[in-house]
Amino acid sequence: MSDSSLFIVLIAMVGGAIRVSTPFMFVALGECLTEKSGRINLGLEGNLVLGAMVAYAGSYTTGSPWLGVLFAGLSGLVLGAMHGYICKLPKVNDIAVGIAFMSFGTGLAFFFGKPYIQPTAPRLEAIPLGWWSSNPSIEQALQVNPLFLVGIALAVFMSWALANTRWGLIVRMTGDSAASARAMGVSIDLVRLLATAAGGFLSGIGGAFLSLYYPGSWNEGLSSGQGLMAVALVIFARWDPIRCVYAALLFGAAGAIGPSLQSVGISQGYYFFNAAPYILTLFIMIASARSKSAAREAPGELSIVK
Amino acid sequence: MTAVVSPAPIAASRGLDPRAISSIEAILIPVGALVASAILFSVFLLALGKSPLTFFSLVWTGGFGSAFSIQNSLQRAAPLILTGLAFAIPARIGLTLLGAEGALVLGGFSAAAVAIPLVTFGFPAFIGLPLMALAAMLAGGVWIGLAGWLRHYRGVNETISSLLLGYIAIAIMNFFVEGLLRDPASANKPSTMPMGDAYRVGSIPGTSVHWGLAAGLILAVVLYILMTRTTFGFAARMTGGNVRAAKAQGLPVGFLVVTCCAIAGACAGLAGFYEIAAIHGQANASLVAGYGFTGILVAFLARQNPLAIIPVAIMFGALDAAGGLVQRRMAMPDATVLVLQGIIFVVLLVSETFYGRIPFLQPRKTGDRT
Chain A
1 MSDSSLFIVL IAMVGGAIRV STPFMFVALG ECLTEKSGRI NLGLEGNLVL GAMVAYAGSY
61 TTGSPWLGVL FAGLSGLVLG AMHGYICKLP KVNDIAVGIA FMSFGTGLAF FFGKPYIQPT
121 APRLEAIPLG WWSSNPSIEQ ALQVNPLFLV GIALAVFMSW ALANTRWGLI VRMTGDSAAS
181 ARAMGVSIDL VRLLATAAGG FLSGIGGAFL SLYYPGSWNE GLSSGQGLMA VALVIFARWD
241 PIRCVYAALL FGAAGAIGPS LQSVGISQGY YFFNAAPYIL TLFIMIASAR SKSAAREAPG
301 ELSIVK
Chain B
1001 MTAVVSPAPI AASRGLDPRA ISSIEAILIP VGALVASAIL FSVFLLALGK SPLTFFSLVW
1061 TGGFGSAFSI QNSLQRAAPL ILTGLAFAIP ARIGLTLLGA EGALVLGGFS AAAVAIPLVT
1121 FGFPAFIGLP LMALAAMLAG GVWIGLAGWL RHYRGVNETI SSLLLGYIAI AIMNFFVEGL
1181 LRDPASANKP STMPMGDAYR VGSIPGTSVH WGLAAGLILA VVLYILMTRT TFGFAARMTG
1241 GNVRAAKAQG LPVGFLVVTC CAIAGACAGL AGFYEIAAIH GQANASLVAG YGFTGILVAF
1301 LARQNPLAII PVAIMFGALD AAGGLVQRRM AMPDATVLVL QGIIFVVLLV SETFYGRIPF
1361 LQPRKTGDRT
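Going line by line, the protein sequences match chains A and B.
As numbered in our numbering, residues 1 to 306 make up the first sequence, in order.
As numbered in our numbering, residues 1001 to 1370 make up the second sequence, in order.
The following block holds chain A by itself, in its conformation from the complex (with noise of 0.2 angstroms):
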């Protein structure tokens, strides 16, 4: 590989990274929220799925795609509330309660999106961050979505929250011991059901991203576990939504190398290259596992890491 094409293909996966990790981002962010509260919502999946059908559909009847984004997002709100209703009632799993949701999100997206293959809707616009540079590759890399800085702002916000307000505490008391948050008299059950709410939210809109932006249409096939890894992701960040960025940024720069090689003309194993975020997670998960860190710094509550 010549230098100018080893430039473009880490040009490209600086490029891709932006552009893959916005789901990533949104997707972990919501559910580092929930688990901050000491519930796993396994079924963000689900949400993402939703969202990207029903943003785009939203965004085919209206002409606007940011009410589109509006609509994943309350559709994401809904099924997250559902499984923060359903999770309080007793001896049910929220693992299993989370898989369940993946399996009916997906099958409600499927089933209402079938008529929104064919058409195109308005997509949302990109900020062209790239004007500075005369090198077209650049300016392709730095085409940002507007909502991939409606993110990192989202996770500045949520870091600074969760650590100084009244709110942040309640959160991080409920996800931490039940039973002293019981005893300051808050509701364990309210506060888990917002909180898996809020990040059925966010995931609702990590999907408005897939088909309103990259790759920007809506099909059965859109979502390829995203929302599923974003769950490890979590574990990865430590609970942090700034970690939780920068980890969005590695996994979506992990998801553009088959793309970016491609680019410059190598398509040899491009879908071993496909496999790499899903590899990197296990990877990741098993190195992250048994660390002592990750112990401390774990919700209390959370069953998944027990």
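Check before you lean on any hint, since a few could be wrong.
Unchecked claim - Straight-line alpha carbon distances no greater than 25 angstroms define the calculated SDA-like cross-link-like pairs of lysine to any residue that follow:
hint	chain 1	residue 1	chain 2	residue 2
1	A	K91	B	K1050
2	B	K1050	B	L1034
3	A	K91	A	L190
4	A	K91	B	K1189
5	A	K91	B	I1358
6	A	K114	B	N1188
7	A	K88	B	G1094
8	A	K91	B	A1026
9	A	K114	A	S177
10	B	K1247	B	T1096
11	A	K88	B	N1242
12	B	K1189	A	S217
13	A	K91	B	Q1304
14	A	K114	B	K1050
15	A	K91	B	L1048
16	B	K1189	A	I117
17	A	K88	B	G1356
18	A	K114	B	R1328
19	A	K114	B	L1048
Unchecked claim - Some chain A residues close to chain B (C-beta under 8 angstroms, calculated; not the full set):
hint	residue
20	K91
21	K114
22	I127
23	A153
24	F157
25	Y271
26	R290
No lab work stands behind these hints: they were computed from the structure.
These figures come from a predicted structure and were not determined experimentally.
C-beta: ideal position from N, C-alpha, C; glycine also.
Once you've looked at the hints, dock chain B against the given chain A.
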């Protein structure tokens, strides 16, 4: 908790011993969940202006209405029995593994890959087919066994790792099917070399249902006996109940976990073998048909009981078989079945909350006993 109470006063007060109560619950609650799902789905259909009566009668016709449709349902039930077992066996030892889809795909692909040299060098089918089945079971077993191993020895959450392994399995198949093992004749849909009619698993005599159904039935019975009537099964269930107690008793927990996972993977891999050798005749993207995920629902509804998996799998096989008919007659998308499955799944998990809480089944509290 019923186990804490000595059975005698309950039997005296209600005429039911705790075991009978839990059997009644294990039937009553899932059936109730099915009925509730049917009602919810009817509301969904009514909201869309479709007739629930037409829907359910079409499902009946498409699933069990004729000899043809019954055989079609049974054929589709075969992989569901196997993938249902693939979820249920690890569930007994306390693991939630979602890797059946990946193990099925990898098993089917391995069978097709092993078949290439066998067919090329002209081995007879009675040698080739068992080798293919073995390869499929081995591949599936290693794949899910790996998730179990990671769980026990590395503390990696098995639910997520098994799902990731599933995506990796599909990527492995695509990698080979689109490259090294691609049959040049498969232009539009990249596939491995077709195995030809000699390498086809036939039907059970007198039916058009392939032998995968028989394999599923036999394995369900064998695994039922293994899990309920043997020391291995007892040790596995004890581990599922309380890992610490099992370790304190000196049970080989790691061995039990990995073995249960490997058995599960072998079941799913075998399902992949039958998909290849009885239906597709070559490996391609058609292998990724969602049987692994429906199998999870089958196992949940059967409450992880290998024998109960059989009727539940047949029910979902029928639903799957009727999907096409519903699609044509009612002008509804094929995802209708997915919506119904999703509703059943959610309602079923909600119904878990009723175990031990159905008023007329509870033992009367006698004095200070609870």
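Against the structure, the hints come out as follows:
1. This hinted pair does not check out: K91 (chain A) and K1050 (chain B) have alpha carbons roughly 35 angstroms apart, beyond 25 angstroms.
2. At most 25 angstroms may separate the alpha-carbon atoms for a hinted pair to count; K1050 (chain B) and L1034 (chain B) meet this at roughly 20 angstroms.
3. Under the criterion of a C-alpha separation no larger than 25 angstroms, the hint pairing K91 (chain A) with L190 (chain A) is consistent with the structure, at around 18 angstroms.
4. The straight-line distance between the Cα atoms of K91 (chain A) and K1189 (chain B) is roughly 46 angstroms, outside the 25 angstroms bound, and the hint therefore fails.
5. Distance check on the hinted pair: K91 (chain A) and I1358 (chain B) sit about 14 angstroms apart at the alpha-carbon level, within 25 angstroms; holds.
6. Between K114 (chain A) and N1188 (chain B), the direct Cα distance comes to roughly 23 angstroms. Compliance with the 25 angstroms bound is thereby established for this hinted pair.
7. In summary, the hint linking K88 (chain A) to G1094 (chain B) is supported, as the alpha carbons are separated by about 21 angstroms, within the 25 angstroms threshold.
8. Under the criterion of a C-alpha separation no larger than 25 angstroms, the hint pairing K91 (chain A) with A1026 (chain B) is consistent with the structure, at around 15 angstroms.
9. This hinted pair does not check out: K114 (chain A) and S177 (chain A) have alpha carbons roughly 45 angstroms apart, beyond 25 angstroms.
10. Note on K1247 (chain B) and T1096 (chain B): the hinted pairing holds, with a Cα-Cα distance of about 20 angstroms set against a maximum of 25 angstroms.
11. Of the pairs offered as hints, the one joining K88 (chain A) and N1242 (chain B) holds, with about 24 angstroms between alpha carbons and a cut-off of 25 angstroms not exceeded.
12. Between K1189 (chain B) and S217 (chain A) the alpha-carbon distance is near 22 angstroms, which keeps this suggested pair within the 25 angstroms criterion.
13. Distance restraint check for K91 (chain A) and Q1304 (chain B): the Cα-Cα separation of roughly 17 angstroms lies within the 25 angstroms cut-off, and the hinted pair is therefore satisfied.
14. Under the criterion of a C-alpha separation no larger than 25 angstroms, the hint pairing K114 (chain A) with K1050 (chain B) is consistent with the structure, at around 17 angstroms.
15. A threshold of 25 angstroms between alpha carbons decides the hint, and for K91 (chain A) with L1048 (chain B) the separation of about 34 angstroms lies outside it, so the pair is violated.
16. Taking the CA atoms of K1189 (chain B) and I117 (chain A), the gap is about 21 angstroms. The hint holds against a cut of 25 angstroms.
17. For the hint linking K88 (chain A) to G1356 (chain B), the alpha-carbon distance of about 17 angstroms falls within 25 angstroms, and the restraint holds.
18. In summary, the hint linking K114 (chain A) to R1328 (chain B) is supported, as the alpha carbons are separated by about 15 angstroms, within the 25 angstroms threshold.
19. Between K114 (chain A) and L1048 (chain B) the alpha-carbon distance is near 15 angstroms, which keeps this suggested pair within the 25 angstroms criterion.
20. Because the smallest distance between the Cβ of K91 (chain A) and any Cβ of chain B comes to about 5 angstroms, under 8 angstroms, the interface hint for this residue holds.
21. With a least beta-carbon distance of about 4 angstroms to chain B, the hint placing K114 (chain A) at the interface is held under the 8 angstroms criterion.
22. About 32 angstroms separates the beta-carbon of I127 (chain A) from the nearest beta-carbon of chain B, more than 8 angstroms, and the hint is not met.
23. Against a cut-off of 8 angstroms between C-beta atoms, the interface hint on A153 (chain A) is violated, since the closest Cβ of chain B lies about 28 angstroms away.
24. Taken as an interface hint, F157 (chain A) does not check out: its beta carbon lies about 27 angstroms from the nearest beta carbon of chain B, beyond 8 angstroms.
25. Restraint check, Y271 (chain A) versus chain B: the minimum CB separation of about 4 angstroms is within 8 angstroms; hint holds.
26. Here the hint on R290 (chain A) is kept, as its CB sits about 5 angstroms from the closest CB of chain B, short of 8 angstroms.
Violated hints, in rising order: 1, 4, 9, 15, 22, 23 and 24; the structure is consistent with all others.
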